[in-house]
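The opening residue of the sequence shown carries number 1 in UniProt numbering; numbering runs sequentially from there.
Be aware that one or more of the hints could be misleading.
What the hints assert, rightly or not - Taking lysine-lysine pairs in the DSS-like style, the calculated list, with each CA pair at most 27 Å apart, reads:
hint, residue 1, residue 2
1, Lys131, Lys118
2, Lys63, Lys7
3, Lys106, Lys118
Since the hints were derived computationally from the structure, they do not count as laboratory data.
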Amino acid sequence: MDQSIAKYRVSIRSKKWWWAIFSFCLDLCVQQTWHMYRATPASEYIPMDLLAVRRAIADIYLKRSHAAARLELPNHPVGRVAKLDRRVPPAIRCDGLDHLVEHISKQRRCAQCGKKVKQICLKCNVPLHRKYCFVAFHTPV
């Protein structure tokens, strides 16, 4: 078993201690898949060696990721829908009155884009970037 795993080993060097264990587990799963395939009657009609099984598995995952990349996303507003967005009622969020930006000392995540920011809206108590996210957050969708 170790010989067939070592035959087509993925050799990626990494500083992560767990990568060797993870790649060994992947290689072991592929090798066990090949052994299970050889035990089925289909292997008599379509013989596949270990390299062919590896290629077939890689093709399946590449086709799946290519199909997922081609999917069109539904029309939705730019930015993420945050938990903070749901805490502020739309009547208060979009009223256009007394929404002031205040600088805070501790960084928080922007409710619109998710990046770190040091400004909040005083009325909504929501962290937002001053230029783009503040206006986008306070306009009705």
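Going down the list of hints, with the structure as the test:
1. Lys131 to Lys118: The given pair, whose Cα atoms are some 13 Å apart, holds under the 27 Å limit.
2. Lys63 to Lys7: Within the cut-off at roughly 25 Å; holds.
3. Lys106 to Lys118: holds, 6 Å
Going through the hint list in order, the structure satisfies each hint without exception.
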